[in-house]
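Once you have looked at the hints, place chain B on chain A.
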Amino acid sequence: METEIMVEQPEAAAGHKGHRDMHPRLRELLFGLKRFISSPLSVIGLTIIVIFGLMALFAPIIEPPKTPNNPYMIPHTGWEMQPSPPSMTHPLGTLPQQYDILYGIVWGTRSAFVIGVAVVLANLIVGVFLGVLAGYFGGAFDEIIMRITDIFFAIPFLIMAMALVVVIGRGLGAIILVLVVLNWPQYTRIIRSEILIIRDREFVQAARASGASHLRIMFKHILPNTIYSVLILASLSVGATILNAAALSFLGLGSDLGYADWGQMVASARNWIVGPTGQPLAFWYLVFIPGFAIALFVLGWNLLGDAARDVFDPKQRRK
Amino acid sequence: MNLLSYIIRRLLLMILVLFGVTFIVFGVMLLLPPGMRVAAFVKSEKITPDQMNAMIKQYGMDQPAPVQYVHWLENMLQGNFGYSSTASAPVLDAFKQYLPVTLELVLYTMPLMIIVGIVLGTIGAVRKDEPADHFTRVFAIVGYSLPTFWLGLLLLMLLYGLLGIFPPGLLSNKLTNVINSPGYHQYTGILTLDAILNWRWPIFLDALYHLFLPVVNLVIIQSATIVRLTRSSMLESLGQDYIRTATAKGVDRKTIIRRHARRNALLPVVTISGVLFATLMGGAVITETIFNRPGIGLWTARAAVLLDVPAVMFNALFLGVVFVVINLVVDLIYAYVDPRVRLT
Numbered sequence: 001m002e003t004e005i006m007v008e009q010p011e012a013a014a015g016h017k018g019h020r021d022m023h024p025r026l027r028e029l030l031f032g033l034k035r036f037i038s039s040p041l042s043v044i045g046l047t048i049i050v051i052f053g054l055m056a057l058f059a060p061i062i063e064p065p066k067t068p069n070n071p072y073m074i075p076h077t078g079w080e081m082q083p084s085p086p087s088m089t090h091p092l093g094t095l096p097q098q099y100d101i102l103y104g105i106v107w108g109t110r111s112a113f114v115i116g117v118a119v120v121l122a123n124l125i126v127g128v129f130l131g132v133l134a135g136y137f138g139g140a141f142d143e144i145i146m147r148i149t150d151i152f153f154a155i156p157f158l159i160m161a162m163a164l165v166v167v168i169g170r171g172l173g174a175i176i177l178v179l180v181v182l183n184w185p186q187y188t189r190i191i192r193s194e195i196l197i198i199r200d201r202e203f204v205q206a207a208r209a210s211g212a213s214h215l216r217i218m219f220k221h222i223l224p225n226t227i228y229s230v231l232i233l234a235s236l237s238v239g240a241t242i243l244n245a246a247a248l249s250f251l252g253l254g255s256d257l258g259y260a261d262w263g264q265m266v267a268s269a270r271n272w273i274v275g276p277t278g279q280p281l282a283f284w285y286l287v288f289i290p291g292f293a294i295a296l297f298v299l300g301w302n303l304l305g306d307a308a309r310d311v312f313d314p315k316q317r318r319k
Numbered sequence: 001m002n003l004l005s006y007i008i009r010r011l012l013l014m015i016l017v018l019f020g021v022t023f024i025v026f027g028v029m030l031l032l033p034p035g036m037r038v039a040a041f042v043k044s045e046k047i048t049p050d051q052m053n054a055m056i057k058q059y060g061m062d063q064p065a066p067v068q069y070v071h072w073l074e075n076m077l078q079g080n081f082g083y084s085s086t087a088s089a090p091v092l093d094a095f096k097q098y099l100p101v102t103l104e105l106v107l108y109t110m111p112l113m114i115i116v117g118i119v120l121g122t123i124g125a126v127r128k129d130e131p132a133d134h135f136t137r138v139f140a141i142v143g144y145s146l147p148t149f150w151l152g153l154l155l156l157m158l159l160y161g162l163l164g165i166f167p168p169g170l171l172s173n174k175l176t177n178v179i180n181s182p183g184y185h186q187y188t189g190i191l192t193l194d195a196i197l198n199w200r201w202p203i204f205l206d207a208l209y210h211l212f213l214p215v216v217n218l219v220i221i222q223s224a225t226i227v228r229l230t231r232s233s234m235l236e237s238l239g240q241d242y243i244r245t246a247t248a249k250g251v252d253r254k255t256i257i258r259r260h261a262r263r264n265a266l267l268p269v270v271t272i273s274g275v276l277f278a279t280l281m282g283g284a285v286i287t288e289t290i291f292n293r294p295g296i297g298l299w300t301a302r303a304a305v306l307l308d309v310p311a312v313m314f315n316a317l318f319l320g321v322v323f324v325v326i327n328l329v330v331d332l333i334y335a336y337v338d339p340r341v342r343l344t
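Keeping their order, the protein sequence lines are chains A and B. Counting from 1, one number per residue, gives the positions in the first sequence under the numbering used here. Counting from 1, one number per residue, gives the positions in the second sequence under the numbering used here.
Next comes chain A alone, as it looks inside the complex:
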């Protein structure tokens, strides 16, 4: 509701001179960007994600794949179960069976982006579509959709995800599918409640009176005024999604050993937590490095998500 006020009445936003002739939405964006840059935490978050993004983009240059058909398979130099510490040939050490950790981290960045961004995008599209329909038309359709979200909310997430992965067979693909299937209802709920608030506002009635079609009203008039709430949720969800996927991988429901996925790499550390007598931290690199990559990546997204909330949520911005 308040988002709409800000967008429709641009003078409420800090109307700088020279920006006055700009399109209100563009000016809003500019205002948001300014706020974004002025917060150190958001800049740190952005920096982390940009660095990971570059790493994902230039993965073939940083670590040229040995098997170009399947670059996500980490090359390995033996079958020895005991991990090797960092050395000249393996700058970050190896996993069990001598899979290179550095290669796994670099190519795992791509897996992480696919998991986080693709899953959240899919959730967003499905959730928003259903939420808009439910909120706009109301009635029986709304009731059915909302009860379905109730049911989805009723099942503890990780347990249900485990059950689904068991049924469709483990693997990173299965994990992604499960997260897509299970995570959309929160978007539906939020966008629906936002739409209920503005559905009968004057500008919607005006659009209706001037003969706009349902589709046009929904996606041209209502959605732009409600989308910020779900965008904030989406940006905050990327990190959680990656954590959930990593947790499932860690439990052994992800890919096989040797696939470039951070969660799987931490999972391979489970039997190597404590080193041999006298060197308790002998395998620190195995426990520490892949998990650190996950934590840093998730932290980056969470900082960005916080920033997005601060910038777009009018309730926050007035403070």
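Simulated from the structure, these hints should not be mistaken for laboratory data. Do not take every clue at face value.
Said to hold, decoys possible - Here are the in silico distance ranges between beta carbons for each label pair:
hint: 1; chain 1: B; residue 1: Leu-112; chain 2: A; residue 2: Val-114; range: 35 to 41 Å
hint: 2; chain 1: B; residue 1: Phe-212; chain 2: A; residue 2: Val-114; range: 36 to 42 Å
hint: 3; chain 1: B; residue 1: Asp-93; chain 2: A; residue 2: Leu-281; range: 39 to 45 Å
hint: 4; chain 1: B; residue 1: Leu-12; chain 2: A; residue 2: Ile-51; range: 48 to 54 Å
hint: 5; chain 1: B; residue 1: Leu-16; chain 2: A; residue 2: Leu-231; range: 29 to 35 Å
hint: 6; chain 1: A; residue 1: Asn-69; chain 2: B; residue 2: Thr-176; range: 48 to 54 Å
hint: 7; chain 1: B; residue 1: Ile-15; chain 2: A; residue 2: Val-114; range: 39 to 45 Å
hint: 8; chain 1: A; residue 1: Ser-87; chain 2: B; residue 2: Asp-129; range: 44 to 50 Å
hint: 9; chain 1: A; residue 1: Leu-121; chain 2: B; residue 2: Asp-252; range: 35 to 41 Å
For each residue, glycine too, the CB sits at the ideal point set by N, CA and C.
Same frame as chain A, but now just chain B:
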């Protein structure tokens, strides 16, 4: 809408949602071939393919889905949950054995994470933009971002591996023998509680010693949500007119924060306690796996990897039902405390 009709409406809705949960769990199982589903009725591990085919016929696994659903539901209601191959026991027996371990973990984690969350959240809001606030915000965002399993592994590596303290497991070997000896009564299966009932303080302390790391691990990660929520709702409630009124009246700051602001600020925290339970169960799966505590979480995790379908499905169903009931209770409390809720 008055409170009574609200309760009735919510109860009816709960029944609907419970059916929905069974639909989903059953629907997920239907994706499996009949041979794997019939495992739910197998009582032992030794079974030939011929017997298997006979059982598929006998239990109607080749019949239309609605018929199977009704049949399955009947079995569930009669307590026939099948046989868990990971536990080498019927699902219900295994469940009774594993439940206390998880309950104990939850019992210690839940109050601690709520207290830590509310205290840090309040401090953050009251001292907004001061160093204390920055600390709570960093704590919250780090707790949000750390993978549960990674923090657990690091704690284990540094404290147990390097310093040799806080070992994984439930009890030290010596005391495990004691609790299995005839003179010791296992009333509840909850180790610390049984130790008190038996008046054996060394066992109580040893159980706490083993609980420490898993609880710390969960509290660090799970209280982050409460910190953020308390902080933002405290900030909102501190900005309200009634706070200004109270200040103008000359009420001292401490009373304002505790009685006027925080009581109202805690309402949103109550609403998410259902959600907290769900994430806590997720966290328990990971934490029990890392710290080698044989509870529901470790059982489900092993069952999922070893394709022990009856165990996984039972736990999904059970936790789903518990969660629905918790959410109902939370909503009713909320409606009682905040009359505005009943209107929607």
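Each hint tested on the structure:
The hinted range of 35 to 41 Å is satisfied by B:Leu-112 and A:Val-114, whose Cβ atoms lie roughly 37 Å apart. Look at B:Phe-212 against A:Val-114: about 38 Å separates their beta carbons, and that is inside 36 to 42 Å. With their beta carbons about 41 Å apart, B:Asp-93 and A:Leu-281 fall inside the hinted range of 39 to 45 Å. Take B:Leu-12 and A:Ile-51: their Cβ atoms lie about 53 Å apart, and the range 48 to 54 Å holds.
Our hint of 29 to 35 Å for B:Leu-16 and A:Leu-231 holds, since their Cβ atoms are close to 32 Å apart. Between A:Asn-69 and B:Thr-176 the C-beta distance comes to about 52 Å, which sits within the given range of 48 to 54 Å. Between B:Ile-15 and A:Val-114 the CB atoms are about 40 Å apart, so this pair conforms to the stated range of 39 to 45 Å. Range check, A:Ser-87 to B:Asp-129: about 47 Å between beta-carbon atoms, so the 44 to 50 Å window is met.
Checking the proposed 35 to 41 Å range against A:Leu-121 and B:Asp-252 shows it is violated: the Cβ atoms sit about 51 Å from each other.
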